[in-house]
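From first to last, the protein sequence lines stand for chains E and V.
The first sequence begins at 1 in the numbering used here and counts up one residue at a time.
The second sequence begins at 1 in the numbering used here and counts up one residue at a time.
No wet-lab data here; the hints were simulated from the structure.
There may be inaccurate statements among the hints.
[Stated by the list, open to error] Only pairs whose alpha carbons sit at most 30 Å apart, straight line, appear in this in silico DSS-like list of lysine-lysine:
{"id": "1", "chain 1": "V", "residue 1": "K295", "chain 2": "V", "residue 2": "K326"}
{"id": "2", "chain 1": "V", "residue 1": "K47", "chain 2": "E", "residue 2": "K323"}
{"id": "3", "chain 1": "V", "residue 1": "K47", "chain 2": "E", "residue 2": "K253"}
{"id": "4", "chain 1": "V", "residue 1": "K303", "chain 2": "E", "residue 2": "K323"}
{"id": "5", "chain 1": "E", "residue 1": "K443", "chain 2": "V", "residue 2": "K47"}
Since the model is a prediction, treat every value here as computed from it, not as a measurement.
Each chain is listed here by its residues.
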Amino acid sequence: MVHLITELSKYSMIILFALYTYQCFSSLKRSVDKEEQAEKYRSQVVYMYMFHLNAYAVLYASTLNIEILKFYAMQVVFFAVVQICYGIFYKRVSKLVVNNMCMLLCIGFVMLTRLSYEHAVKQFWIAVISMAVTMLIPYFISKWTFLRNLTWAYALAGITMLGVVAVLGAVSHGAKLSFSVAGIAVQPSEFIKIIFVFFVASMFYESTDFMQVVKATVVAGLHVIILVLSKDLGAGLIFFIAYMVMLYVATRKLYYFAGGLLCGAVASVVAYYLFNHVRVRVVAWQDPLAVFEREGNQVSNSLFAIGTGGWFGMGLNQGMPNKIPEVKQDFIFSAISEELGGIFAICLILVCVSCFLMFLNIAMQMKDSFYKLVALGLGTLYGFQVLLSIGGDIKFIPSTGVTLPLVSYGGSSLLSTLIIFAVIQGLYLLRERTEKEREMQHKEAMKKQSTKKNDNDKSSAGKKSKRKGGRSSHEESIHGTKVKNFD
Amino acid sequence: MKKASTERRSRTSTKRAKNREFVIITYLFVAVFMMMMGYFVYFQIFKSEDFINSPYNTRQNTFAEHVMRGEILSSDEKVLAQTIIGEDGSETRYYPYGAMFAHAVGYDSNGKYGIESFGNFNLLRSHAFFLEQVINGIQNKKNPGDNIVTTLNYSLQEAAYQALGNNRGAVIALEPETGKTLAMVSKPDFDPNSLAANWESIISNTDSENSVLLNRTTQGLYPPGSTFKILTTLEYLREHPNYQDYQYECQGSIAMENTEIHCYNNAVHGAENLQTSFAKSCNTSYANIGLGLNKSKFASLCKEMMFDTELPVTYPSKQSSFVLNKDSNTDQVTQMAIGQGETLVTPMHMALITSAIANNGTLMRPYIIDHTENYRGVTVKNYRPSVYGALISESEAKKLQEFMSIVVSEGTGSKLNGQSYHAAGKTGSAEFSNVKGESHAWFTGYASTEEKGSIVVTVIVENGGAGSTTAVPIAKQMFDIYFAQP
Numbered sequence: 001m002v003h004l005i006t007e008l009s010k011y012s013m014i015i016l017f018a019l020y021t022y023q024c025f026s027s028l029k030r031s032v033d034k035e036e037q038a039e040k041y042r043s044q045v046v047y048m049y050m051f052h053l054n055a056y057a058v059l060y061a062s063t064l065n066i067e068i069l070k071f072y073a074m075q076v077v078f079f080a081v082v083q084i085c086y087g088i089f090y091k092r093v094s095k096l097v098v099n100n101m102c103m104l105l106c107i108g109f110v111m112l113t114r115l116s117y118e119h120a121v122k123q124f125w126i127a128v129i130s131m132a133v134t135m136l137i138p139y140f141i142s143k144w145t146f147l148r149n150l151t152w153a154y155a156l157a158g159i160t161m162l163g164v165v166a167v168l169g170a171v172s173h174g175a176k177l178s179f180s181v182a183g184i185a186v187q188p189s190e191f192i193k194i195i196f197v198f199f200v201a202s203m204f205y206e207s208t209d210f211m212q213v214v215k216a217t218v219v220a221g222l223h224v225i226i227l228v229l230s231k232d233l234g235a236g237l238i239f240f241i242a243y244m245v246m247l248y249v250a251t252r253k254l255y256y257f258a259g260g261l262l263c264g265a266v267a268s269v270v271a272y273y274l275f276n277h278v279r280v281r282v283v284a285w286q287d288p289l290a291v292f293e294r295e296g297n298q299v300s301n302s303l304f305a306i307g308t309g310g311w312f313g314m315g316l317n318q319g320m321p322n323k324i325p326e327v328k329q330d331f332i333f334s335a336i337s338e339e340l341g342g343i344f345a346i347c348l349i350l351v352c353v354s355c356f357l358m359f360l361n362i363a364m365q366m367k368d369s370f371y372k373l374v375a376l377g378l379g380t381l382y383g384f385q386v387l388l389s390i391g392g393d394i395k396f397i398p399s400t401g402v403t404l405p406l407v408s409y410g411g412s413s414l415l416s417t418l419i420i421f422a423v424i425q426g427l428y429l430l431r432e433r434t435e436k437e438r439e440m441q442h443k444e445a446m447k448k449q450s451t452k453k454n455d456n457d458k459s460s461a462g463k464k465s466k467r468k469g470g471r472s473s474h475e476e477s478i479h480g481t482k483v484k485n486f487d
Numbered sequence: 001m002k003k004a005s006t007e008r009r010s011r012t013s014t015k016r017a018k019n020r021e022f023v024i025i026t027y028l029f030v031a032v033f034m035m036m037m038g039y040f041v042y043f044q045i046f047k048s049e050d051f052i053n054s055p056y057n058t059r060q061n062t063f064a065e066h067v068m069r070g071e072i073l074s075s076d077e078k079v080l081a082q083t084i085i086g087e088d089g090s091e092t093r094y095y096p097y098g099a100m101f102a103h104a105v106g107y108d109s110n111g112k113y114g115i116e117s118f119g120n121f122n123l124l125r126s127h128a129f130f131l132e133q134v135i136n137g138i139q140n141k142k143n144p145g146d147n148i149v150t151t152l153n154y155s156l157q158e159a160a161y162q163a164l165g166n167n168r169g170a171v172i173a174l175e176p177e178t179g180k181t182l183a184m185v186s187k188p189d190f191d192p193n194s195l196a197a198n199w200e201s202i203i204s205n206t207d208s209e210n211s212v213l214l215n216r217t218t219q220g221l222y223p224p225g226s227t228f229k230i231l232t233t234l235e236y237l238r239e240h241p242n243y244q245d246y247q248y249e250c251q252g253s254i255a256m257e258n259t260e261i262h263c264y265n266n267a268v269h270g271a272e273n274l275q276t277s278f279a280k281s282c283n284t285s286y287a288n289i290g291l292g293l294n295k296s297k298f299a300s301l302c303k304e305m306m307f308d309t310e311l312p313v314t315y316p317s318k319q320s321s322f323v324l325n326k327d328s329n330t331d332q333v334t335q336m337a338i339g340q341g342e343t344l345v346t347p348m349h350m351a352l353i354t355s356a357i358a359n360n361g362t363l364m365r366p367y368i369i370d371h372t373e374n375y376r377g378v379t380v381k382n383y384r385p386s387v388y389g390a391l392i393s394e395s396e397a398k399k400l401q402e403f404m405s406i407v408v409s410e411g412t413g414s415k416l417n418g419q420s421y422h423a424a425g426k427t428g429s430a431e432f433s434n435v436k437g438e439s440h441a442w443f444t445g446y447a448s449t450e451e452k453g454s455i456v457v458t459v460i461v462e463n464g465g466a467g468s469t470t471a472v473p474i475a476k477q478m479f480d481i482y483f484a485q486p
């Protein structure tokens, strides 16, 4: 009977999550008006709760652990509070980003409960505290205009902290990544990457002339070199890509971007020959089964999990995800794919893509180039980390050992991702505010004209926007708002 | 009015231009995400099987909690392995034909081997009707696992098994056009039904050469003897377009630097050309041929013919080996040319070479699972023939076919002459020790008719004497049975 419940739930959970994912993208369509959009977001919340209930029903049925039910109830309260708080205090943030944040956390809780109940509870409390703290961020982001003036403070803070970790930090898995504060291991690179984005954004906000680029590049290079020396390859790569993207967009010079990527490629080859820990990853990526006993063990086990799970998964608690080393952190995607299925896993990627699109969407909508760059940088951090994490798990690229934001176990990763999401929400607040102001001005100007003329004007604008194709329609679709709002 | 609209346009266009780089980055990321999802789908469809069936993957065994292991069937629907539930609900794996299919079907106790091993995933999945699975779930009953229908032909397997008798050795039968494995027998053997009970005594024999668990078809390494002359001939054909002009006068022996090479049973074959040398398997003539061959080209031909190469088989296998380089002395070269010396092959390897010749040069990958079906016989998955590659050109294959036909019509394979089918092949009597007259009996060849197509049979009987007297009759029995089948 229990087996039957898990079997049937496999399909129902895939359907619920697929519906949720569909709404992520259907809400971006141009033809969808505000009302409809709100309706779609509400339905997403319903799907999320249904998925959550279904998953915990299975987890309870297969373990009969009463604690799990209490834990479930606490989570329901948590999600409800988050949704309500955003609904009351931040009416104008992106509901889609809030929903995705909750959904990803929810999937993370479900999977962690299945993998290790203790860790799931720990993760939950970290999430509660982090959420409480980061809830204030959108407000401050929209108020603090001095953030763009702290350029060198960011650089100093980042390099000092990374340096300290590299020198004093505890050695975990051959990489100096963390130090302990009051028994909690903190991984500073997770937070420094955010500071780093603010540094680069404020640098290029000041100026994009050659000297400024040189200065920024030197500081960025220092970050990356320290990270590579402390064997944190994944973080090093993320910093590098984030910098290249921001440099390219700020200077609008393609040859910076191409040249930078080329240098990156050369540096990777050098690193391959120089560092054993780089070679190990590449060897494991090329043919994990051939080196199963050693280097390939982790990736092989990950692929066993994904392959055996197939499209529909083994069902919660039916697989053996704990066979994968580091499954809670770096390889949570494989565990999800094994037990919840390949279709579910693809939907998960799509939800991450939807988050990334919302990050870049706000970057494009902002007027202020500092905020534009911040949103772009954070979006790149997020998107690239997702690529590294999932790509490494499925052997698309060599594994670099980074977490899947919001889903993986790990306090630093969770808090830093929540900060990123909160900053983005702050930008959405800012946009809505400036837009409102502009709308007011627009209305005043319009008052002077006759109402009839005004009507004509609007309808012709509507036609115009419909006739547009190609890139502009794409822009609009990922903006999710109407063209006339820009005026 | 007009002014307002142009203004708007210019504003949106500057905005668009301002965001151009953002759009490019967005597209770039979305493209990489799409590629990653594409790779995920590709992995699930094409690559996952390799990982699922890996012996390192212990996940499959958890399926056994909810699925009753399926049956393994021969191509003519005989049950080769099944799970029987005792009155107390205990499950036992039963092999109705005992040792006959021991190495091909394998075992599922004390580890796994054969189809039981690489078909494990299929046997432990259930594609029973959906509602049935629901009902089983409610009643807490196991679902019936899928059955594997093999390409094995029961009658051929039985014939090979009986014909080998108490001899050690191996027999393989393949369908060259498809790569279907029709029979696979290795002796000495064991009864998988009592494997668990006898396990201690079986593994106490630490000499792996003598182990009953050794599948001699893919893991037995033997000197190829005269069957290797197929490759020597091929190399000669490549180096001598005028091979028809070859002449040799056999006097029964030929002296080399340190050794003397004799023809089998000290026969004296007299005047020969290449065909008759091949048909009569004249060692002295082939030693003479070997002396004239380009050593490095000959070595690379062997490599092309899958020496020192992992064979494309699903069973654990050993690599065939040879020793030849440009510094090899005449003894080594001549020994190699007649298939003695340090050359070692597996019977499966000889069967694959023969299969490529019979199939006009193209080797089909051998396979043994024809399809899987649910317990009611509804097909779940069909396994299709796949090409390994062209081992030799079609014209070379045609020439070798001709040579191998002459072996039957005029040479050492004459027992196969004048049948309802057309047979061709090569015999071998491979000396394996210093004792004179002790040799392994080899035959590798194929037979075909218009209606039934062709079948490759490779036989080795350890210490069986001459290939023509011991191995050829076994192949003949199999050909007779195969072509007598409807």
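Which numbered hints fail: 3, 4, 5
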